[in-house]
Amino acid sequence: MKSAIRNPFMNIDIVVSTILKFTGAFLAFNLVLGIVAYVVLAERKVLGYIQGRLGPNRVGPWGLFQPFADLFKFIFKEDIIPDKSTRFLYFLAPLIAVTCALLPVVVYPFGPTVDLSFIPFVGKYLGKFSLVLAKLDIGLLFILGITSIGVYSIALAGWSSNNKYSLMGGLRASAQLISYELSLGLALIGVILQSGTLDLYSIVNQQSGHLGITGWNIFWAQPLGFIIYLISAFAETNRVPFDLPEAETELVAGFHTEYSALKFALFFMAEYVNMFTVSMLATTLFLGGWNGPGINWLYGHGYMLVGGLLGLVYFLSKVCVFLFLYIWIRGTLPRFRFDQLMNFGWKFLLPVALLNIVITATLKITPIYDFVSGLLKFVGINN
Amino acid sequence: MFTTLFFFLFAGMAIGCAVSVIYQRNPLYSAISLVGVFLSLACLYVTLAAPFIAAVQVIVYAGAIMVLVVFVIMLLNVEEEEHRITKVKYLLPTAILLGILLLAQIGYIITQVKSDKNIKLAESPVGVTESIGTGLFTKYLLPFEITSLLLLMAIVGAMSLARRSATLTPTTRIIPGTQVLPKYLVDPKAKYDTTAVESETTEEVEKVLGIKGKPEE
Chain A
1 MKSAIRNPFM NIDIVVSTIL KFTGAFLAFN LVLGIVAYVV LAERKVLGYI
51 QGRLGPNRVG PWGLFQPFAD LFKFIFKEDI IPDKSTRFLY FLAPLIAVTC
101 ALLPVVVYPF GPTVDLSFIP FVGKYLGKFS LVLAKLDIGL LFILGITSIG
151 VYSIALAGWS SNNKYSLMGG LRASAQLISY ELSLGLALIG VILQSGTLDL
201 YSIVNQQSGH LGITGWNIFW AQPLGFIIYL ISAFAETNRV PFDLPEAETE
251 LVAGFHTEYS ALKFALFFMA EYVNMFTVSM LATTLFLGGW NGPGINWLYG
301 HGYMLVGGLL GLVYFLSKVC VFLFLYIWIR GTLPRFRFDQ LMNFGWKFLL
351 PVALLNIVIT ATLKITPIYD FVSGLLKFVG INN
Chain B
384 MFTTLFFFLF AGMAIGCAVS VIYQRNPLYS AISLVGVFLS LACLYVTLAA
434 PFIAAVQVIV YAGAIMVLVV FVIMLLNVEE EEHRITKVKY LLPTAILLGI
484 LLLAQIGYII TQVKSDKNIK LAESPVGVTE SIGTGLFTKY LLPFEITSLL
534 LLMAIVGAMS LARRSATLTP TTRIIPGTQV LPKYLVDPKA KYDTTAVESE
584 TTEEVEKVLG IKGKPEE
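If you read the protein sequences in the order shown, they are chains A and B. Position 207 of the first sequence, counted from 1, bears residue number 207 in our numbering, the numbering being contiguous throughout. Position 92 of the second sequence, counted from 1, bears residue number 475 in our numbering, the numbering being contiguous throughout.
Isolated chain B (complex conformation) (with noise of 0.2 Å):
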């Protein structure tokens, strides 16, 4: 009786946040509503004796992902979104389309998919810490690996999109113009360097520092 009743609490409150994602005008809004469905979400794991997964869901979407969406959000300091008419044409077919799809879906599931009232869940070992651990690393032990070389790649490409260490860093955008600044604040190669910069255009600095500016897009 408590499962069903925490089951369409944390459900409800799963759909809720997730309308309020799409119907937020300020976009820390949505985002903050998003956080409320990834724990709805964590809430129903646990009802469904899935208490592993989720703590991980917590931790890694609501604590890592969205902290850094959110983060983005603060520092781009992004404007609410004024309210205009959708130009897309063929956006409303669609999405009337696909939601008949969803309903359909949904019939098919309450309809024809039979319900085992013997099962318990309490008693499967899938979702607890343990099963997951020794499938992780015997089973899955292939997927498990190549999934974290692929999220290393990611952290690389990243770190190398970001950090081009031969080229001017982005604080040198200021410094054409009048602006005098020590050198060690435009190179970070130069440590301590504290001679005066003084430059009219990028190509000035590049050639007192002697080094290759990044192309201004």
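Pulled out of the complex, with its shape left as it was, chain A reads as follows (with noise of 0.2 Å):
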């Protein structure tokens, strides 16, 4: 037994738990490129309807089939290096951009806990668990840390394609991504400041309020704080009305003008995937998480599985609406000048952020918050 105990590749228990937690990694990370690849169709047909056109539909059923497509096509081209490029970094590029947008994936709790432990053989290892593949003390701090990497990817491959608009597109990209890095920060500071965790799953618990909507953090702990979020993570993403780093009409492509191939894939993959991942996190942290109307009451009435379910697609559609968000935006919105969104970024979003730190931070510690749940008690809102 002890020898078990000291070798773990023996212990049955321990290798058991150890597939499942991969094939749950497999699990997660294939359901959101799943959706990051349908997401890329979803954006060209809106847009398309939005300039009154059809979109994609020759590939499968209304081009349901053009995400393989594409793929293919990508796989399949030729892949360009550029004869003065820094070999290394100019690889070394796309892999961190994809790792830096993938990683954030596992801190993300995608619902509530489930029970799966009628399943036989399996089911004792899985027992009762949360769909979050790791649960982190600092998944928030976990967070900004791999979106703070995330900038060298961007940075490299401007500079080692060895081309002034590539490196333009690299620079711009980079100051942008630092400058709106501080608002988004500050941004999710206040919600900290809130719910006194930075542990995401226990963030999602504070918000669940009557119905399961209540209690999200958009409604009355933090609508300022959700809307400099918003703006920020639409520059984080370099998608517009940010969009200055790939500014084709200025800059051909920006960063990534030199790469083709499998390599622009993964930059194009990265993208979405940044745009799931922030839409992630503006749900977690503002809209409830998984929280819904009928999620309480399937847990106090002991349907667990169903209620984990739901919980799971409500997570998803709530990531739906922001991912509509930034489809529809692309097609209302014109792009800004660089010198704007500079100023904009810090002389007005970083002191309304501030400012939104120290509201927060007043209502914390003066009564009118006790006043405010009380009140909202009496009338029988907050459960």
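Simulated from the structure, these hints should not be mistaken for laboratory data. Incorrect hints may appear among the rest.
Derived Cβ-Cβ restraints for the label pairs, each shown as a range [said to hold, decoys possible]:
{"#": "1", "chain 1": "B", "residue 1": "L535", "chain 2": "A", "residue 2": "I80", "range": "44 to 54 Å"}
{"#": "2", "chain 1": "A", "residue 1": "R335", "chain 2": "B", "residue 2": "V455", "range": "23 to 33 Å"}
{"#": "3", "chain 1": "B", "residue 1": "S531", "chain 2": "A", "residue 2": "L305", "range": "46 to 56 Å"}
{"#": "4", "chain 1": "B", "residue 1": "I538", "chain 2": "A", "residue 2": "G374", "range": "38 to 48 Å"}
{"#": "5", "chain 1": "A", "residue 1": "F378", "chain 2": "B", "residue 2": "T517", "range": "27 to 37 Å"}
{"#": "6", "chain 1": "A", "residue 1": "I80", "chain 2": "B", "residue 2": "A537", "range": "38 to 48 Å"}
{"#": "7", "chain 1": "B", "residue 1": "G540", "chain 2": "A", "residue 2": "L95", "range": "32 to 42 Å"}
{"#": "8", "chain 1": "A", "residue 1": "L31", "chain 2": "B", "residue 2": "T517", "range": "33 to 43 Å"}
{"#": "9", "chain 1": "A", "residue 1": "K164", "chain 2": "B", "residue 2": "V455", "range": "15 to 25 Å"}
{"#": "10", "chain 1": "A", "residue 1": "I80", "chain 2": "B", "residue 2": "Y491", "range": "53 to 63 Å"}
{"#": "11", "chain 1": "B", "residue 1": "L535", "chain 2": "A", "residue 2": "R335", "range": "28 to 38 Å"}
{"#": "12", "chain 1": "A", "residue 1": "I119", "chain 2": "B", "residue 2": "F527", "range": "48 to 58 Å"}
{"#": "13", "chain 1": "B", "residue 1": "G516", "chain 2": "A", "residue 2": "R335", "range": "36 to 46 Å"}
In this text the structure is predicted, and so the values were computed from the model without any measurement. Here a beta-carbon is modelled for each residue, glycine too, at the ideal position from N, C-alpha and C.
From these two lone chains plus the hints, build me the complex, please.
And the structure:
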């Protein structure tokens, strides 16, 4: 028995639970990648409808197989490497981009606790678990750290291509990311102050109000923080109206001008995965994560599995609302000028974010907070 | 067992990257290797049950400071350093001496410091967000505030050095010659003033604009 504990590979429990963890990670990542592939299609379709076109509709019914066609096209295209590029960094940049985009997925709570112990054989290893890959105490900081590493991919891609447009795009993108990361981080501090924890799972748990809706942070705790977060998130993901790094009218395609074939596909994928993870963070922090009507009732009456799946559906549909917002805004708004972008970020968004922290801290220590929650309890809104 | 495995993995990565920082010819490769060192150190902090310090290590060092370093290297477009023999004679003996000192320290730690196998890292509150926050705002409040003041002073100092509002901006260096530029390009105070500025020397620019030019170093 003692040797079984010392050597983890001899212990069947550890082996099975490790395999199960890997399976869970595999499922979660493929879920995200699958949704991301269809977000690309959705973007082209919705943009088409906004502009009075049909969008892609040749591959499969309603163009549903278009993502696969795109993928195969990217794989079989010729991979062109510029002669005077810095080879190693040129290869490294797209890898950093995809890794940093996908890594935050592990800390997001996709859904509440489910009980799978009724399944034969593997059930006793699964038991009760929550739909989150890694329950980190510092989940929020983990996300911020990984995001800040992501800047390197863009800067290195721009530099190593040995192309003026790429370099300009890379510099612009890095400057933009660094500037808006501040407002983003400060918007998150409001939520952290509000909930008193960095653990995403407990932040979501705290937001289950009446009907699973009234407790959401966006409503009466952090409305300003939400708006700041949303604006900075658009800038962080280099999307319209902040898509200056790849402003095609000025910079051809920005930092990925020289990239082709699968390396370009990796950058492309990273952009959309970033959109997805940023939307997941917005959902988790401001829109109550997997909370929604019926979850509390289902849990109260013992339908844990149904409740868990419903939570997953709520979470993903909230994320999809954000993704639609991204596409909608791309079809609606024009692009900022670079000086406008910097002025807006540093002279408006940052002070407002600081103001938000002051307001949150004041509300937190003054009796106003207790008064409001007492009032809500009196009216019967809070549970 | 896994902890030991991860320790050797990340310690090896850290040392490998640190060696790479010194041996790379291209300064950008050195900078990227340094990022690697910081990331492996962060992973080591995680194995030591200090997740908060790990996160801060990544956010501050790898995510903020090194990005600026990489920025500067990219903007200056530093050429690869050519290999040359060091001319300073006392460098080699100093290096050997310091190396021996380091080895002696490692030897001392291995032989003299007793390890207590009963200590469990995960139970220690050090390195957890809450304990660090409490410490910073109670016991170490004064040093914390003084450090932030120091950083603020550095920011203000950098700003005042970089921005000389009453003198010519760096763009004016291109003015002497036969160039004709709108006034607002030269003087940030003259917003939307498109009066043409033509000049041959810096003195002429000063005269036209009525402001004091930066002395040429």
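For each hint, the structure was consulted:
1. B:L535 / A:I80: 44 to 54 Å: holds (49 Å)
2. A:R335 / B:V455: 23 to 33 Å: This hint holds: roughly 28 Å between Cβ atoms.
3. B:S531 / A:L305: 46 to 56 Å: holds (50 Å)
4. B:I538 / A:G374: 38 to 48 Å: This hint holds: roughly 43 Å between Cβ atoms.
5. A:F378 / B:T517: 27 to 37 Å: holds (34 Å)
6. A:I80 / B:A537: 38 to 48 Å: holds (45 Å)
7. B:G540 / A:L95: 32 to 42 Å: holds (39 Å)
8. A:L31 / B:T517: 33 to 43 Å: Holds: the Cβ-Cβ distance is about 39 Å, inside 33 to 43 Å.
9. A:K164 / B:V455: 15 to 25 Å: holds (19 Å)
10. A:I80 / B:Y491: 53 to 63 Å: holds (56 Å)
11. B:L535 / A:R335: 28 to 38 Å: holds (35 Å)
12. A:I119 / B:F527: 48 to 58 Å: holds (51 Å)
13. B:G516 / A:R335: 36 to 46 Å: holds (41 Å)
Taken one by one, the earlier hints all hold for this structure without exception.
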